[in-house]
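Participant: Residue numbers (my numbering), protein chains in the order written: chain A, 2 to 414; chain B, 2 to 414.
Note that these hints are calculated values from the structure, not bench results. Just to be clear, a hint being listed does not mean it is correct.
One copy or two, either will do: identical chains are not told apart, so a pair holds if it fits within one copy or between any two.
[To be verified] Okay, derived cross-link-like pairs now, DMTMM-like style, lysine to aspartate or glutamate, Cα gap no bigger than 25 Å in a straight line:
| hint | residue 1 | residue 2 |
| --- | --- | --- |
| 1 | K108 | E191 |
| 2 | K159 | E12 |
| 3 | K269 | D348 |
| 4 | K367 | D200 |
| 5 | K56 | E38 |
| 6 | K131 | E313 |
| 7 | K182 | E12 |
| 8 | K204 | E12 |
| 9 | K366 | E162 |
| 10 | K3 | E38 |
| 11 | K29 | E12 |
| 12 | K343 | D314 |
In this text the structure is predicted, and so the values were computed from the model without any measurement.
Chain by chain, the residues run as shown.
There are 2 protein chains.
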Amino acid sequence: MKAEIISIGSEILRGQIIDTNANFIAQKLTKSGFEIEHLSAVGDNYKILLSLLKKAFNRSDLIITTGGLGPTEDDITYQTIAKTFNLKLIKYPEAEEHLKKFLNRIKIKISPSNLKQTYLPESSKIIINKYGTAPAMILEKNNKIICSLPGVPREMKKLVEEDLIPYLKEKFPPSVIKKSKILKITGLGESSVNELIRDYINKQTNFSFGIYANPEDIQVQINAHAPSEKEVNNLLENSADYLKNILGDYIYGYDEQSLEEVVGILMKSKKLKVAVAESCTGGMLGELITRIPGSSDYFQGGIISYNSKVKEDLLKIPEDIIKKYGEVSEQVARSMAENVRKCCHTDIGISITGIAGPGGATKQKKVGLVYMALANGKETLIQKHHLFRNRQVIRLRASLRALNMLRIYLLNN
Amino acid sequence: MKAEIISIGSEILRGQIIDTNANFIAQKLTKSGFEIEHLSAVGDNYKILLSLLKKAFNRSDLIITTGGLGPTEDDITYQTIAKTFNLKLIKYPEAEEHLKKFLNRIKIKISPSNLKQTYLPESSKIIINKYGTAPAMILEKNNKIICSLPGVPREMKKLVEEDLIPYLKEKFPPSVIKKSKILKITGLGESSVNELIRDYINKQTNFSFGIYANPEDIQVQINAHAPSEKEVNNLLENSADYLKNILGDYIYGYDEQSLEEVVGILMKSKKLKVAVAESCTGGMLGELITRIPGSSDYFQGGIISYNSKVKEDLLKIPEDIIKKYGEVSEQVARSMAENVRKCCHTDIGISITGIAGPGGATKQKKVGLVYMALANGKETLIQKHHLFRNRQVIRLRASLRALNMLRIYLLNN
Numbered sequence: 002m003k004a005e006i007i008s009i010g011s012e013i014l015r016g017q018i019i020d021t022n023a024n025f026i027a028q029k030l031t032k033s034g035f036e037i038e039h040l041s042a043v044g045d046n047y048k049i050l051l052s053l054l055k056k057a058f059n060r061s062d063l064i065i066t067t068g069g070l071g072p073t074e075d076d077i078t079y080q081t082i083a084k085t086f087n088l089k090l091i092k093y094p095e096a097e098e099h100l101k102k103f104l105n106r107i108k109i110k111i112s113p114s115n116l117k118q119t120y121l122p123e124s125s126k127i128i129i130n131k132y133g134t135a136p137a138m139i140l141e142k143n144n145k146i147i148c149s150l151p152g153v154p155r156e157m158k159k160l161v162e163e164d165l166i167p168y169l170k171e172k173f174p175p176s177v178i179k180k181s182k183i184l185k186i187t188g189l190g191e192s193s194v195n196e197l198i199r200d201y202i203n204k205q206t207n208f209s210f211g212i213y214a215n216p217e218d219i220q221v222q223i224n225a226h227a228p229s230e231k232e233v234n235n236l237l238e239n240s241a242d243y244l245k246n247i248l249g250d251y252i253y254g255y256d257e258q259s260l261e262e263v264v265g266i267l268m269k270s271k272k273l274k275v276a277v278a279e280s281c282t283g284g285m286l287g288e289l290i291t292r293i294p295g296s297s298d299y300f301q302g303g304i305i306s307y308n309s310k311v312k313e314d315l316l317k318i319p320e321d322i323i324k325k326y327g328e329v330s331e332q333v334a335r336s337m338a339e340n341v342r343k344c345c346h347t348d349i350g351i352s353i354t355g356i357a358g359p360g361g362a363t364k365q366k367k368v369g370l371v372y373m374a375l376a377n378g379k380e381t382l383i384q385k386h387h388l389f390r391n392r393q394v395i396r397l398r399a400s401l402r403a404l405n406m407l408r409i410y411l412l413n414n
Numbered sequence: 002m003k004a005e006i007i008s009i010g011s012e013i014l015r016g017q018i019i020d021t022n023a024n025f026i027a028q029k030l031t032k033s034g035f036e037i038e039h040l041s042a043v044g045d046n047y048k049i050l051l052s053l054l055k056k057a058f059n060r061s062d063l064i065i066t067t068g069g070l071g072p073t074e075d076d077i078t079y080q081t082i083a084k085t086f087n088l089k090l091i092k093y094p095e096a097e098e099h100l101k102k103f104l105n106r107i108k109i110k111i112s113p114s115n116l117k118q119t120y121l122p123e124s125s126k127i128i129i130n131k132y133g134t135a136p137a138m139i140l141e142k143n144n145k146i147i148c149s150l151p152g153v154p155r156e157m158k159k160l161v162e163e164d165l166i167p168y169l170k171e172k173f174p175p176s177v178i179k180k181s182k183i184l185k186i187t188g189l190g191e192s193s194v195n196e197l198i199r200d201y202i203n204k205q206t207n208f209s210f211g212i213y214a215n216p217e218d219i220q221v222q223i224n225a226h227a228p229s230e231k232e233v234n235n236l237l238e239n240s241a242d243y244l245k246n247i248l249g250d251y252i253y254g255y256d257e258q259s260l261e262e263v264v265g266i267l268m269k270s271k272k273l274k275v276a277v278a279e280s281c282t283g284g285m286l287g288e289l290i291t292r293i294p295g296s297s298d299y300f301q302g303g304i305i306s307y308n309s310k311v312k313e314d315l316l317k318i319p320e321d322i323i324k325k326y327g328e329v330s331e332q333v334a335r336s337m338a339e340n341v342r343k344c345c346h347t348d349i350g351i352s353i354t355g356i357a358g359p360g361g362a363t364k365q366k367k368v369g370l371v372y373m374a375l376a377n378g379k380e381t382l383i384q385k386h387h388l389f390r391n392r393q394v395i396r397l398r399a400s401l402r403a404l405n406m407l408r409i410y411l412l413n414n
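Using the sequences provided together with the hints, build the complete structure.
Facilitator: This is the structure in structure tokens:
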């Protein structure tokens, strides 16, 4: 089954917004077993949209449009779809009823332009949009399907998950179940991952694999298919287990898991508390940890010691240590971790001090040099990293390396 | 002049990556006066790409492709372009020379598959890619232009700015200069901005306007054109000045400026120093401030007082104040700002305490309730906000409101 996605909106063509809708829909349709051959974006332009819809109807089994369902003159999706198939636009009473209720709830008076949103191509199946005013629809025609969704990402996503995907599942009970599993890796580069798993990958015939390098991690995606959900799950689990044997703790998580989430789970299970002392990251490590709801169970807080005076006054690092070794040094990282642990009364203290650039480098200490430390009251672990790219990427990578240092510590203690 | 952009790569169609390249190129071409009618993404599929290239060549004056220039079998862009125009692929010696130098520098041996990257469609103008191995090219044919760029965003961006745009400027000296200016607004909602400037907008015939709502701000874009750079700059300045009179300090910046950058400029000019005390934002305010290179001139650091014990021990907030009013209260916000200012020896202390959710709410204090304070040693300003959406958006908005509170303070003091 071939699918294509058409994003409608002149702001996409002018580069004012990034079209994230197409990406979301592409992910969901791929998971549902469709093969996507075209993604297109066009403006609020009747002639161009009409021509594209005709082409799409010729070459694809499923067409998803997003955008152009609003109340203004620019919004021409339904009108153009109606023209494509020589259909009339007719009033859907359930659309009007929903619109009145929805606007009443947010205390807005209904205007004539709103009423435009109650007209859909005849013979289409309306999808009431609980999250906004624009109704979506599904139209079946010559064994092909066209589905129009609103362009507001939040509304579109809800309707895809709650309406479109269940509809497609019922319409096309899959003969083969396709599923993917993502292994998330940190601490190894793309080429090292590739080398470690290449032999295994090349031997597999039931699977396809992808390796993707991101600023924050390396991801290995395993794609499998089988006649049943159970079989495909088994295939994926076995393959993931095999790769886990090769890659070990370099794998920090799976699928949607973030590093901070994995660390949170470990912290909770170990019933430990942590505090942070941050210099060049300015609070980013604390920010990452507290993205997780319930992080107050294990995160106490910390000190942002951006200036050396704060290192001395709040973190009680002796001035002569800073003078002798410099703010970016193993010794200062060590003191930061040990002292923040003490003053926040936690089991673990973590610190980061480094040169994020573009300024601040010396002959001996280049931009990207970062020291981090983890203190537990008995011993203090130190890591030294040379990170690359720009200021914000260096800061992000430093924060993630520190989080990963905590993860590895928790796994081994 | 009509332009279109074709992104090539199966990972886009499967939704594995968001196509940000098309957005970047669309922005740049729009600024250069081109009208973009189609954005498309297709996979590494010869037949589909060939058909799309033929259509694109019929309907557009300028075609930009991105992706598919790598050394592997999948990378078929040049081969397909050559077929589209019945051209041969020929070896470009300068491509081979660059490839050898580039690989030598990063200590990688040249392989036969690399050599594929030295073949381009005959009669094309090669663009040596200083940032990677894949050369780009420009091909002129029947008064139309096709330009192929690599898919790696960093390489693509550099080649657009350093090669493509200068080439287009020389080829098409613009008869009309089009330019835009963006006004960045915080503290007002989209509909309030709309109401305030609607009358002015409707009266203008030389301009078009767009209003965009983001999680972090509202943006008003003014689009103008004139025969010369000077005239269009004048038009934009006058229009921006007029809107500045209406919107006042709700405008925090222009074009690429971020709120933290504007605050940084103000802090430097006032020669003041600031420290932060953060609860629900967990370090995000500090992280935002320190995104700016040179922020060490005005940012000293601060305390992440996620837990009430840290508020008591490090921020010296009396336990009975916390007990009496609760951690999320005007009184605690006040003490946090006043005390972080003292213990970091700064001119200004800023604090944030709130309920980011999803847990932590009570009958009286709902998710999204955030108090913030700004202390300068003489007085302490307090703000109370009710913020919406999810945990991370509430935290981002809280941090930005606090930054904006600092901006307004600096403007008035």
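Participant: Confirm or reject each hint.
Facilitator: Here is how each hint holds up against the structure:
no.	hint	verdict
1	K108 <-> E191	between (54 Å within a copy, 17 Å between copies)
2	K159 <-> E12	both (22 Å within a copy, 24 Å between copies)
3	K269 <-> D348	within (13 Å within a copy, 39 Å between copies)
4	K367 <-> D200	neither (38 Å within a copy, 55 Å between copies)
5	K56 <-> E38	both (13 Å within a copy, 16 Å between copies)
6	K131 <-> E313	neither (55 Å within a copy, 45 Å between copies)
7	K182 <-> E12	between (34 Å within a copy, 15 Å between copies)
8	K204 <-> E12	between (46 Å within a copy, 22 Å between copies)
9	K366 <-> E162	neither (51 Å within a copy, 32 Å between copies)
10	K3 <-> E38	both (7 Å within a copy, 24 Å between copies)
11	K29 <-> E12	both (24 Å within a copy, 14 Å between copies)
12	K343 <-> D314	both (14 Å within a copy, 11 Å between copies)
The structure does not agree with the numbered hints 4, 6 and 9 stated previously, though it agrees with the rest.
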